[in-house]
Amino acid sequence: MTTQSGPQAARAGVIHDIGYRHYEGPRLGRAGIIRALGWHSLRSAFGIGRGAKAKIIPVIAFVLICLPAVVNAISLATHGGQVVYYDTYVFQLRVLIMIIFIAAQAPELVSRDLRSHVLPLYFSRPLRRLDYPAAKLGAFILACLALLEIPLLLLYLGSISQAHGGAAIWAQTRALIPGLLVGLAWAVLLASIGLALASLSGRRAYATGSIAICFFLSWALAGLLRGVTSENGMGAGAGARLSGLVSPFTVLDGLRQWLGGTSPGPLPRPGDLGVLYGVMFLLMLAAAVGGLAARYRKAGIS
Amino acid sequence: MTAPVPLQPGPLQAGPPPGGTGPGPGFVAAVVETSALTKRYPGGVNALDQLSVRVAPGITGLVGANGAGKSTLIKILLGLLAPTSGHAAVLGLDCSRDAERIRARCGYMPEHDCLPPDVTATEFVTHLGRMSGLPPTAAKERAAESLRHVGLYEERYRQIGTYSTGMKQRVKLAQALVGDPQLLLLDEPTIGLDPAGRASMLDLVSRIGTEFGISILVSSHLLGEIEQICDHLVAIDGGRLLRADTMTSFTQVSQVLLVEVDEGTALLEAELAARGLRPRRDERALLVQIGSGETYDAVRDAVADLGLPLNRLEQRRRRVEELFRDDVPDREGAA
Chain A
1 MTTQSGPQAA
11 RAGVIHDIGY
21 RHYEGPRLGR
31 AGIIRALGWH
41 SLRSAFGIGR
51 GAKAKIIPVI
61 AFVLICLPAV
71 VNAISLATHG
81 GQVVYYDTYV
91 FQLRVLIMII
101 FIAAQAPELV
111 SRDLRSHVLP
121 LYFSRPLRRL
131 DYPAAKLGAF
141 ILACLALLEI
151 PLLLLYLGSI
161 SQAHGGAAIW
171 AQTRALIPGL
181 LVGLAWAVLL
191 ASIGLALASL
201 SGRRAYATGS
211 IAICFFLSWA
221 LAGLLRGVTS
231 ENGMGAGAGA
241 RLSGLVSPFT
251 VLDGLRQWLG
261 GTSPGPLPRP
271 GDLGVLYGVM
281 FLLMLAAAVG
291 GLAARYRKAG
301 IS
Chain B
1 MTAPVPLQPG
11 PLQAGPPPGG
21 TGPGPGFVAA
31 VVETSALTKR
41 YPGGVNALDQ
51 LSVRVAPGIT
61 GLVGANGAGK
71 STLIKILLGL
81 LAPTSGHAAV
91 LGLDCSRDAE
101 RIRARCGYMP
111 EHDCLPPDVT
121 ATEFVTHLGR
131 MSGLPPTAAK
141 ERAAESLRHV
151 GLYEERYRQI
161 GTYSTGMKQR
171 VKLAQALVGD
181 PQLLLLDEPT
191 IGLDPAGRAS
201 MLDLVSRIGT
211 EFGISILVSS
221 HLLGEIEQIC
231 DHLVAIDGGR
241 LLRADTMTSF
251 TQVSQVLLVE
261 VDEGTALLEA
271 ELAARGLRPR
281 RDERALLVQI
291 GSGETYDAVR
301 DAVADLGLPL
311 NRLEQRRRRV
321 EELFRDDVPD
331 REGAA
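Sequences listed follow chains A and B, in order. The opening residue of the first sequence carries number 1 in the numbering used here; numbering runs sequentially from there. The opening residue of the second sequence carries number 1 in the numbering used here; numbering runs sequentially from there.
Treat the hints with care, since some could be wrong.
Just a sample of chain A residues kept apart from chain B, beta carbon distances all over 10 Å, derived [said to hold, decoys possible]:
| no. | residue |
| --- | --- |
| 1 | 145 |
| 2 | 171 |
| 3 | 219 |
Derived CB-CB ranges, DEER-like [stated by the list, open to error]:
| no. | chain 1 | residue 1 | chain 2 | residue 2 | range |
| --- | --- | --- | --- | --- | --- |
| 4 | A | 29 | B | 162 | 27 to 37 Å |
| 5 | B | 43 | A | 19 | 27 to 37 Å |
| 6 | A | 81 | B | 161 | 51 to 61 Å |
| 7 | B | 137 | A | 203 | 32 to 42 Å |
| 8 | B | 45 | A | 29 | 32 to 42 Å |
| 9 | B | 43 | A | 26 | 17 to 27 Å |
| 10 | B | 161 | A | 77 | 46 to 56 Å |
| 11 | B | 238 | A | 203 | 35 to 45 Å |
| 12 | A | 49 | B | 199 | 13 to 23 Å |
| 13 | B | 213 | A | 56 | 22 to 32 Å |
| 14 | B | 43 | A | 260 | 50 to 60 Å |
Dumping the calculated DSSO-like pairs for lysine-lysine here, alpha-carbon to alpha-carbon at most 30 Å [unchecked claim]:
| no. | chain 1 | residue 1 | chain 2 | residue 2 |
| --- | --- | --- | --- | --- |
| 15 | B | 168 | A | 53 |
| 16 | B | 140 | B | 168 |
| 17 | B | 168 | A | 55 |
| 18 | B | 140 | A | 53 |
| 19 | B | 168 | A | 298 |
| 20 | A | 55 | B | 140 |
Just so you know, these hints were derived from the structure itself, not from any lab. Just so it is clear, CB atoms sit at the ideal spot from N, CA and C, and this is done for glycine as well.
Sequences are here, hints too, so could you generate the full structure?
And the structure:
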């Protein structure tokens, strides 16, 4: 039996067109496909390749989060004071912007595919099961990183443009590096939690809601706990120093302070309890990444 | 053209073992080969039960009622599901060990809806071309070509959400085709389509199989439609193989002789039965299974002996679906 036989050849002359051409060119391997998926996802995290509406939130978030860097540059230019620090940036604003960005864009990366059941089409291609979430996570970490680090770089540029002499520039550079590392920790943890939460629902509104609620509530709870435990006037008792463990944002700040960050943050200095923030950071990260992996190991292929 | 009749599970003739178990004269490498393939789902449901089948290149129909195990088989072939036991190979590659290489050479069209509504067909198929390993430019070109091959032209710049069911099925087929596969696995490609849509989808599948030189395994629970385009047929029920063979042998064993007389049909029926021919009624005519050359003689003699006015005597092929409902009274006169 050959592929060309059959009585159908005659009947098929109805429509379409000229013949079929086979593809003889190069093909990407698995790594190349993962990169392509990651690039595609990174673009969609900023609404690129989608309609204008999809770009609104990413653009607003980006502009807002860059404002302090501009303000700092103006401040330096007018009366010479550094008002924004690299390792904390503007903490409250950063929390707010990251919540909005992640709640809005994480579902864009994963919930859409769940909603329209596209996953079988990915899984039937030369990818392994966990390549899909890995590519998505990598892309989203990069997206968050852009939002966290580009303002720092602007801040740095603004600062060195006002700096006099190599020593001042060197001081700025030395301050920038821990700031970039803090940004990296933020991006990794928040992107993981955001994607894990988004992957639980194919409905965008639910995904967005669950991310916003988790982030906001835990953030509010941390503030509340701190208020309650600080009321005895001491302000830095063990209770207050542990109050930040309930929210990823305060965990990130606890981690920063434990690792030597000096700028004042939303938390009292955790001191010797700081190691707990390091542990909590890893636990949250492991739970989020593990949850995401488990979600896609189980995900339906029908 | 007959309306497709849902395949009825039931006591069916278990045919000879699948077309050969090893290389022989005229051996053609199988595109799909399974041996004692079993898939037991948690809860004890046997989706596949000791299925051994060999699929040659060409268009092969995979027929069975809903729940017969067709989708499970396709997913195992793609390495998306692990079999409980047994062995499966696609294009000579082992489904458990070489799943990625298999998926690089196969296109898969799932049964269910799998298209995002808010992107254009061009964007979507291009992206999935990238996911099949095509470089950016090639993905764009092949996406345009695939969509053209399935009959989507200007519409391809519209969002998929605005498409009809038939157009969506075509996009699903285009995304399977975009990576230039050696084998297409199509799971119920005609599902949800109206008769005209079904006919043009079958036409398309047939074209891809014959003109594009791509082997196809196409599943359906509608035997009537699938037999129109297949070179081979694999029938499964309850996860077991009912029969696997070429289309021609399916229909050859089913040669019947149609006898029509102007009057005395009942007499003739009795006479033929007396001669051991087991005639069956088909409206005004009688159908007789052709056993050997003697069948013709027997029919001729019966008509002559009774002196009946013979109106029509013709050899006919029974459609495959009739093989699967031997216990059902014949109704093919409607054809």
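Evaluated hints:
1. 145: Per Cβ check, residue 145 of chain A is outside 10 Å of chain B; nearest 23 Å; holds.
2. 171: Given a closest Cβ separation of 44 Å, the condition holds.
3. 219: Its Cβ never comes within 10 Å of chain B, the nearest being 32 Å, so this holds.
4. A/29 <-> B/162: 27 to 37 Å: 36 Å, holds
5. B/43 <-> A/19: 27 to 37 Å: 48 Å, violated
6. A/81 <-> B/161: 51 to 61 Å: At roughly 54 Å between Cβ atoms, residue 161 of chain B and residue 81 of chain A fall inside 51 to 61 Å, so the hint holds.
7. B/137 <-> A/203: 32 to 42 Å: 36 Å, holds
8. B/45 <-> A/29: 32 to 42 Å: 37 Å, holds
9. B/43 <-> A/26: 17 to 27 Å: At 45 Å between Cβs, range violated.
10. B/161 <-> A/77: 46 to 56 Å: 51 Å, holds
11. B/238 <-> A/203: 35 to 45 Å: 37 Å, holds
12. A/49 <-> B/199: 13 to 23 Å: 36 Å, violated
13. B/213 <-> A/56: 22 to 32 Å: Cβ of residue 213 of chain B to Cβ of residue 56 of chain A: about 48 Å, so the range 22 to 32 Å is violated.
14. B/43 <-> A/260: 50 to 60 Å: 55 Å, holds
15. B/168 <-> A/53: 25 Å, holds
16. B/140 <-> B/168: 19 Å, holds
17. B/168 <-> A/55: Status holds; Cα separation ~27 Å.
18. B/140 <-> A/53: The hint holds at about 25 Å.
19. B/168 <-> A/298: Status holds; Cα separation ~27 Å.
20. A/55 <-> B/140: Holds - the C-alpha atoms of residue 140 of chain B and residue 55 of chain A are around 24 Å apart, at most 30 Å.
Going through the hint list in order, the structure does not satisfy hints 5, 9, 12 and 13.
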